[in-house]
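Use these hints to put chain B onto chain A, whose structure you have.
Number of protein chains: 2
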Amino acid sequence: MDWPIKYRLEKKDSRTLARAGEIVTTRGTYQTPMFMPVGTQATVKSMSNGDLKSLGAGIILVNTYHMWVRPGENVVKKAGGLHQFMNWDQPILTDSGGFQAFSLADLRNFTEEGIKFKNHLSGDEMFMSPEVSIKVQNDLDSDIMMSLDILEPFYSDHDQMKKAVERTSRWAERGLNQHLKTGLPDQGLFGIVQGGGHRDLREQSARDLTSMDFAGYSIGGLSVGETKDEMNEVLSYTTPILPENKPRYLMGVGTADSLIDGVIRGVDIFDCVLPTRIARNGTAMTHHGRVVIKNAKYHEDFSPLDLECDCDTCRNYSRAYIRSLFSNHEILGIRLVSYHNLYFLTHLMRQVRQAILDDNLLEFRQEFFEKYGFNKKNAKNF
Amino acid sequence: MDWPIKYRLEKKDSRTLARAGEIVTTRGTYQTPMFMPVGTQATVKSMSNGDLKSLGAGIILVNTYHMWVRPGENVVKKAGGLHQFMNWDQPILTDSGGFQAFSLADLRNFTEEGIKFKNHLSGDEMFMSPEVSIKVQNDLDSDIMMSLDILEPFYSDHDQMKKAVERTSRWAERGLNQHLKTGLPDQGLFGIVQGGGHRDLREQSARDLTSMDFAGYSIGGLSVGETKDEMNEVLSYTTPILPENKPRYLMGVGTADSLIDGVIRGVDIFDCVLPTRIARNGTAMTHHGRVVIKNAKYHEDFSPLDLECDCDTCRNYSRAYIRSLFSNHEILGIRLVSYHNLYFLTHLMRQVRQAILDDNLLEFRQEFFEKYGFNKKNAKNF
Numbered sequence: 001m002d003w004p005i006k007y008r009l010e011k012k013d014s015r016t017l018a019r020a021g022e023i024v025t026t027r028g029t030y031q032t033p034m035f036m037p038v039g040t041q042a043t044v045k046s047m048s049n050g051d052l053k054s055l056g057a058g059i060i061l062v063n064t065y066h067m068w069v070r071p072g073e074n075v076v077k078k079a080g081g082l083h084q085f086m087n088w089d090q091p092i093l094t095d096s097g098g099f100q101a102f103s104l105a106d107l108r109n110f111t112e113e114g115i116k117f118k119n120h121l122s123g124d125e126m127f128m129s130p131e132v133s134i135k136v137q138n139d140l141d142s143d144i145m146m147s148l149d150i151l152e153p154f155y156s157d158h159d160q161m162k163k164a165v166e167r168t169s170r171w172a173e174r175g176l177n178q179h180l181k182t183g184l185p186d187q188g189l190f191g192i193v194q195g196g197g198h199r200d201l202r203e204q205s206a207r208d209l210t211s212m213d214f215a216g217y218s219i220g221g222l223s224v225g226e227t228k229d230e231m232n233e234v235l236s237y238t239t240p241i242l243p244e245n246k247p248r249y250l251m252g253v254g255t256a257d258s259l260i261d262g263v264i265r266g267v268d269i270f271d272c273v274l275p276t277r278i279a280r281n282g283t284a285m286t287h288h289g290r291v292v293i294k295n296a297k298y299h300e301d302f303s304p305l306d307l308e309c310d311c312d313t314c315r316n317y318s319r320a321y322i323r324s325l326f327s328n329h330e331i332l333g334i335r336l337v338s339y340h341n342l343y344f345l346t347h348l349m350r351q352v353r354q355a356i357l358d359d360n361l362l363e364f365r366q367e368f369f370e371k372y373g374f375n376k377k378n379a380k381n382f
Numbered sequence: 001m002d003w004p005i006k007y008r009l010e011k012k013d014s015r016t017l018a019r020a021g022e023i024v025t026t027r028g029t030y031q032t033p034m035f036m037p038v039g040t041q042a043t044v045k046s047m048s049n050g051d052l053k054s055l056g057a058g059i060i061l062v063n064t065y066h067m068w069v070r071p072g073e074n075v076v077k078k079a080g081g082l083h084q085f086m087n088w089d090q091p092i093l094t095d096s097g098g099f100q101a102f103s104l105a106d107l108r109n110f111t112e113e114g115i116k117f118k119n120h121l122s123g124d125e126m127f128m129s130p131e132v133s134i135k136v137q138n139d140l141d142s143d144i145m146m147s148l149d150i151l152e153p154f155y156s157d158h159d160q161m162k163k164a165v166e167r168t169s170r171w172a173e174r175g176l177n178q179h180l181k182t183g184l185p186d187q188g189l190f191g192i193v194q195g196g197g198h199r200d201l202r203e204q205s206a207r208d209l210t211s212m213d214f215a216g217y218s219i220g221g222l223s224v225g226e227t228k229d230e231m232n233e234v235l236s237y238t239t240p241i242l243p244e245n246k247p248r249y250l251m252g253v254g255t256a257d258s259l260i261d262g263v264i265r266g267v268d269i270f271d272c273v274l275p276t277r278i279a280r281n282g283t284a285m286t287h288h289g290r291v292v293i294k295n296a297k298y299h300e301d302f303s304p305l306d307l308e309c310d311c312d313t314c315r316n317y318s319r320a321y322i323r324s325l326f327s328n329h330e331i332l333g334i335r336l337v338s339y340h341n342l343y344f345l346t347h348l349m350r351q352v353r354q355a356i357l358d359d360n361l362l363e364f365r366q367e368f369f370e371k372y373g374f375n376k377k378n379a380k381n382f
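Chains A and B, in that order, give the protein sequences. With the first letter of the first sequence counted as 1, position 104 gets the number 104 in full-length UniProt numbering; the numbers rise by one all the way through. With the first letter of the second sequence counted as 1, position 304 gets the number 304 in full-length UniProt numbering; the numbers rise by one all the way through.
Be careful, since some hints might not be right.
Stated by the list, open to error - Covered stretches of chain A (in silico footprint by chain B; criterion: 3 or more residues with CB under 8 Å from a CB of chain B, positions within the stretch not fixed):
(1) 35–43
(2) 67–76
(3) 79–90
(4) 297–311
(5) 319–331
As the list claims (entries may be wrong) - In silico PhoX-like pairs for lysine-lysine, Cα to Cα no more than 25 Å straight-line:
(6) B:K53 - A:K53
(7) B:K77 - A:K294
(8) A:K78 - A:K181
(9) B:K78 - A:K297
(10) B:K116 - B:K181
(11) B:K77 - A:K297
(12) A:K77 - B:K297
Hints are computed from structural coordinates only; laboratory data are not their basis. Glycine included, each C-beta is placed from N, C-alpha and C at the ideal position.
Next comes chain A alone, as it looks inside the complex (with noise of 0.2 Å):
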């Protein structure tokens, strides 16, 4: 299929799997690898358009399940669709819906056809398919989005993690020719290859879903309570296997080592509401490891969050002046540790991408590790 969402490889790496490229779509063309700022509900928590743009980023994710619920898509769809509703311009990525089903509503029933559940808003009774969440998707009018899929448990047995896989396969199948029915020219869709971690699953999920041609492909199913070491191993066997021409987006990862250790076997793009998240309570991601910014130590510390940081939040606010924001609960002090966290990843991924470029990967690797506070043994064992 000849998909408006397309993958450049710009230089592979000669020493791990790692790659820069470019991810093509109709609203612009972004640098990969690539990490995502969540916008939960269509804004990503307390940032302005302006601030995602000026930090950096890309592309953002919106989750499709709460846009169904509240507002809902036909309202996003009136406004001219989630870019017109939200006044964002460049690309956005949209979820199936299936986690949020999963995970915040009151789940009635799970079958081949899809999943009937109460929202968890109003306690109305809906129903997720596949061919809901692209139709939902459609509306939305996402530039990328998912397939949706079964989310099975990490260590699940291999018959259960099979039934899975094959229901996932078949999911995706049914998604894609809605799709053809009912998508849009500027929208691109991803398989999400599952198979938790049994190596024979994950080939079998990705050649079935390799089999249909889809815009991208996704690794689903990991930081869901498995060991790093076990998802570097998933990771590991799986992206060889994916299409080289494709991007490649590791969902819901969003820690500083996992990202450099998932962009070393071969992932483009990553998304995760942790940097987000933990700005909330204070918690700053630098170079130096995190920063609990409402511990009394800097209360007069008039440095920056990060001594190595150039970005807003950084070059204007001190530690005491953002803690001072935190203690008086002001509104403030979420927005600037947010900014910070979020440039932290966008950053980190333009720097790994030039190590990339420079040849240096594993160096830069070696040495971010080392300062950011890992141990040595995870620092120098690649």
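Structure of chain B alone, referenced to chain A:
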């Protein structure tokens, strides 16, 4: 005295007491009439300094009591003063701290010497006197400082009010003497005219204070429960007895109609928490009256908050989107409406200034009042 805060009269209105001018500070010259956003705890709630500049704020107000109690004026002093602490390079006006000592704290003792109270956070015993108020404001290094005054209820009888006015004058003199010892060269001190609704006492207060030669004069004890007519009457006889070459500041007033009617009675500067406070509940000030964005009727309303406004919020976001932000308790909603409301009042002051220069202030007032929905009687009778 040769204060670093000066007032330059540009034009007096031919039919009212209104005047267009400039307030000169060591941190720039700003046009009056002016509305000052309130940054209670060294932050105008939900706004960044960049936002404040882009919406046209000149001077902002910070509350001395809050800085004194947390983080402590010593921390602010160590940071290099309030400007450094909060990274605001335009002028800052601080109040005396008396209002919060009266209203927030557990008041213990109130004498000629000063006010003993327990602070509202730690319960620590604290002592506020005219000298302490000035010393704290000196440490904060605000550009415009207020004398500690006595807050007597508007309807207090003549005897009671006379005592309050006379003590306010003595306290003003003590504060001025303190400033001569510990003040900084960029700081100007204002006296506060009290007297409630007693004309002779307002005159006595103004006479006492002008004999001491302050950098400017505040009008206090208004917007505390009296009617708008009563407030306007007090202004009408108070501003004419204040020196023409000094700025006049009406404390704590922030509705559009009161701002216009205050200017018409010779006021140059206003402040109020109203625009940001009502924004946090989703109430927008618009040219056609208030918009309560949580109302269901805005669910699919894709027009801006205020059709006649060209602020960032109104140029970029719809009522439906902002309503969705408030429905979801998203911080960005508060931020967008706060920005609009502050823009609305600062822009209104620019329009009023232009109307003075164009000699059509009363016509502007009538048109504004009628559109805003104030009753016709109010609109036509000045």
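We went through each hint and held it up to the structure:
1. 35–43: As far as the segment 35–43 of chain A goes, the hint holds, because 3 residues have Cβ atoms under 8 Å from chain B.
2. 67–76: holds (count 3)
3. 79–90: That given contact holds, which follows from 4 residues of the segment 79–90 of chain A lying within Cβ reach (below 8 Å) of chain B.
4. 297–311: Our answer is that it holds, as 3 residues pass the Cβ test (under 8 Å) against chain B, meeting three.
5. 319–331: holds (count 9)
6. B:K53 - A:K53: With a Cα-Cα distance of about 19 Å, the restraint between K53 (chain B) and K53 (chain A) holds, given a limit of 25 Å.
7. B:K77 - A:K294: Judged against 25 Å, a Cα distance of about 20 Å means the pair holds.
8. A:K78 - A:K181: Judged against 25 Å, a Cα distance of about 20 Å means the pair holds.
9. B:K78 - A:K297: At roughly 15 Å apart (the allowed maximum being 25 Å), K297 (chain A) and K78 (chain B) satisfy the hint.
10. B:K116 - B:K181: 23 Å, holds
11. B:K77 - A:K297: Given pair K77 (chain B), K297 (chain A) holds - Cα atoms ~18 Å apart, limit 25 Å.
12. A:K77 - B:K297: 18 Å, holds
Comparing the model with each earlier hint shows no violations; every hint is respected.
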